[in-house]
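Each chain is listed here by its residues.
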Amino acid sequence: MADLATSQNPAQYQKLAREMGDLQEVVDLASQYRAALTQLEEAEEIIADGSDAELVELAAAERDQLRGQVAQLEETLKVLLIPKDPNDGRNAIVEIRAGTGGDEAGLFASDLYRMYHRFAERKGLKTEELSSSQNPAGGFKEVVFAVSGADAFGQLKFESGVHRVQRVPKTEASGRIHTSAASVAVLPEAKEVEVEIAPEDLKIEVYRSSGPGGQSVNTTDSAVKITHIPTGIIVSCQDEKSQLKNKNKALKVLRARLYDKVQAEQKAERDAARAGQIGSGDRSTKIRTYNFPQGRVTDHRIGLSLYRLEEILDGDFEKFVEQLALASQQDALAADL
Amino acid sequence: MPSLREALQQTHQILEASGIPDARLEAEVMVMNVMRMPRQDIFAQQELAVSSQQQETLSQVIDRRKQREPLAYILGYKEFYGVNLLVTPDVLIPRPETETLVEHALFMSLMGMEVAHLVIADVGTGTGAIALNLAIHLPAARIYATDSSEKALMVANYNIRRHNVADRVTLCHGDLMEPLPEPVDLIVANLPYIPTARIPTLQPEIQWEPAAALDGGEQGMDQITRLIAQASERLNPQGSILLEMDPEQVPLAEELARQYFPEAETGVERDLAGLDRVLTISRGVAEEA
Chain E
1 MADLATSQNP
11 AQYQKLAREM
21 GDLQEVVDLA
31 SQYRAALTQL
41 EEAEEIIADG
51 SDAELVELAA
61 AERDQLRGQV
71 AQLEETLKVL
81 LIPKDPNDGR
91 NAIVEIRAGT
101 GGDEAGLFAS
111 DLYRMYHRFA
121 ERKGLKTEEL
131 SSSQNPAGGF
141 KEVVFAVSGA
151 DAFGQLKFES
161 GVHRVQRVPK
171 TEASGRIHTS
181 AASVAVLPEA
191 KEVEVEIAPE
201 DLKIEVYRSS
211 GPGGQSVNTT
221 DSAVKITHIP
231 TGIIVSCQDE
241 KSQLKNKNKA
251 LKVLRARLYD
261 KVQAEQKAER
271 DAARAGQIGS
281 GDRSTKIRTY
291 NFPQGRVTDH
301 RIGLSLYRLE
311 EILDGDFEKF
321 VEQLALASQQ
331 DALAADL
Chain C
1 MPSLREALQQ
11 THQILEASGI
21 PDARLEAEVM
31 VMNVMRMPRQ
41 DIFAQQELAV
51 SSQQQETLSQ
61 VIDRRKQREP
71 LAYILGYKEF
81 YGVNLLVTPD
91 VLIPRPETET
101 LVEHALFMSL
111 MGMEVAHLVI
121 ADVGTGTGAI
131 ALNLAIHLPA
141 ARIYATDSSE
151 KALMVANYNI
161 RRHNVADRVT
171 LCHGDLMEPL
181 PEPVDLIVAN
191 LPYIPTARIP
201 TLQPEIQWEP
211 AAALDGGEQG
221 MDQITRLIAQ
231 ASERLNPQGS
241 ILLEMDPEQV
251 PLAEELARQY
261 FPEAETGVER
271 DLAGLDRVLT
281 ISRGVAEEA
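As given, the protein sequences belong to chains E and C, one line each in that order. Numbering-wise (UniProt numbering), the first sequence opens with residue 1 and increments by one. Numbering-wise (UniProt numbering), the second sequence opens with residue 1 and increments by one.
Only chain E is shown next, with the shape it has when bound in the complex (with noise of 0.2 Å):
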């Protein structure tokens, strides 16, 4: 850091300054463990020596208080020097897309968009639609937006799955109670530099009128469709901005996803030995369960259910991502042994 080349770039800067600043915290709770082991060992030797009886029973009320100490010290520092997910620091791009059920699932599917948009606001984060397309009774059959701001990723990785609602749909008349669903996909915001995107490699389709366009049309739609050629993904971005925002959205949206695929790739190939992972289940699997008659959430990976629907539909789900935090932190410690 104290390179000049380095102080000259100050992304760069910054990057080493944040890793320098974890380390810092391991390097200082390592001293502290191990004086706390040198001062056992130093009451270890008092009271096996024995000559002096008020030493002796100094010496033993320490070394239980060390102990103690020791321990906690080990277990803060196995946490520690669990590898952070490189990517809980980048901005997220969110996908939400309405699954079975019809009209009402499209409508959970904007309840699901509510929910992150609210917590987002709690978070302090920024939220901004790249895509959406919504069916007539008012619900989303996709929503795409990113959210921007610290460790958004990081904050709503753990949201990626089927959410799964049961409750009395408003077009329903008699009732009833039904079941729908809709899938949540969290990715990292890749950047530029990290996608390589060769100009051949895309399609990009717009607006075509039946004549030559230009004068001779005016329209609000600007929408910009985006074929990625070698892999097949499609993504589109309509709305009233200027063509060339719906093509910079798009290509986000695009580039996201492209390294989401080369991550799951390798994730695949490293979680081959390990399975039932948080976080590492594919996108299909139901992970949660909103069930409005009894007012409860119940999140599967770690069955815990929360009675506080309404809130949680709020925004206000922090506790689920810190017990998935916690969770997948012992996983991780597991799997290490």
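Hints are computed from structural coordinates only; laboratory data are not their basis. Hints should not be assumed to be uniformly reliable.
Unchecked claim - To give an idea of the chain C side of the interface with chain E (calculated C-beta under 10 Å), a few residues:
1) Glu-26
2) Glu-28
3) Ile-42
4) Thr-100
5) Glu-103
6) Pro-139
7) Ile-194
8) Ala-197
9) Ala-212
10) Gly-216
11) Met-221
12) Asp-222
Owing to the predicted nature of the structure, the values given are computational and were not obtained by experimental measurement. We treat Cβ as the ideally placed atom computed from N, Cα and C, and that holds for glycine.
Given the coordinates of chain E, assemble chain C onto it according to the supplied hints.
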């Protein structure tokens, strides 16, 4: 009081029933503007109540739109190349194809030319869309923006001030290139290029736009032809011209270019719909030995 969700749905239905294209998208834009909310808030707060005043404003917007008045005129702005521009019935509403023109002008300026001394003319500037965006992305360029309509220039003036480029964009009132005080390195133009007879056959929204900004004469080539004829004296030896037009006009324009700029290299750029859209005429290209 209706919820935002209901207001959106109702607006969508009314617009669709009136035959407005992109009804769903337009309904969203209308509600966004009336409620003064960005798009993601619209969806995250679907149960928000719409006040009676907001309902009234929305009704007025819908009524105007039912007359096929362009949405951009009703709302007073249009986004172009990432920038919000004021639009009034005195100017042509910028089209997405013109973003291709801006992109290529920027590409050529940054690649080939000496950026430090670049002098550019945007002929028939209208809202100032092209001049403004070039000024933003080429900080060292000096730009002249001309138009024969004083009213259009007032709109352009607002836009260049609003986006803080008034110190580098000079507005000139007059016919095509005639008011330019000096020769330029780059001429960009989105001149009226629709054949007169075609205009009444186009969608109703276009009938609200100023005819002078659309009408290119019998073959739509009148303004383009005059510009190419004038350009020779006003373009520097290494200069280039970029002209937006319709695909079927390209061969005619190329012929004119050969006539007035026999030594120049011509090229055609396509828009995102894959249609020939921009003719480039590059003068003084180094000759191969």
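Taking the hints in turn, this is what the structure says about them:
1. Glu-26: holds (5 Å)
2. Glu-28: Holds: closest Cβ of chain E sits about 8 Å from C:Glu-28, inside 10 Å.
3. Ile-42: The hint holds - C:Ile-42 has a Cβ within 10 Å of chain E, the shortest such distance being about 9 Å.
4. Thr-100: The hint holds - C:Thr-100 has a Cβ within 10 Å of chain E, the shortest such distance being about 9 Å.
5. Glu-103: holds (8 Å)
6. Pro-139: Because about 19 Å separates C:Pro-139 from the closest Cβ in chain E, which is outside the 10 Å limit, the hint is violated.
7. Ile-194: holds (5 Å)
8. Ala-197: violated (12 Å)
9. Ala-212: Interface hint status for C:Ala-212: violated (12 Å vs cutoff 10 Å).
10. Gly-216: holds (9 Å)
11. Met-221: Hint violated; C:Met-221 Cβ to chain E Cβ min 13 Å, cut 10 Å.
12. Asp-222: violated (14 Å)
Figure legend: structure checked against the earlier numbered hints; hints not met, in rising order: 6, 8, 9, 11 and 12.
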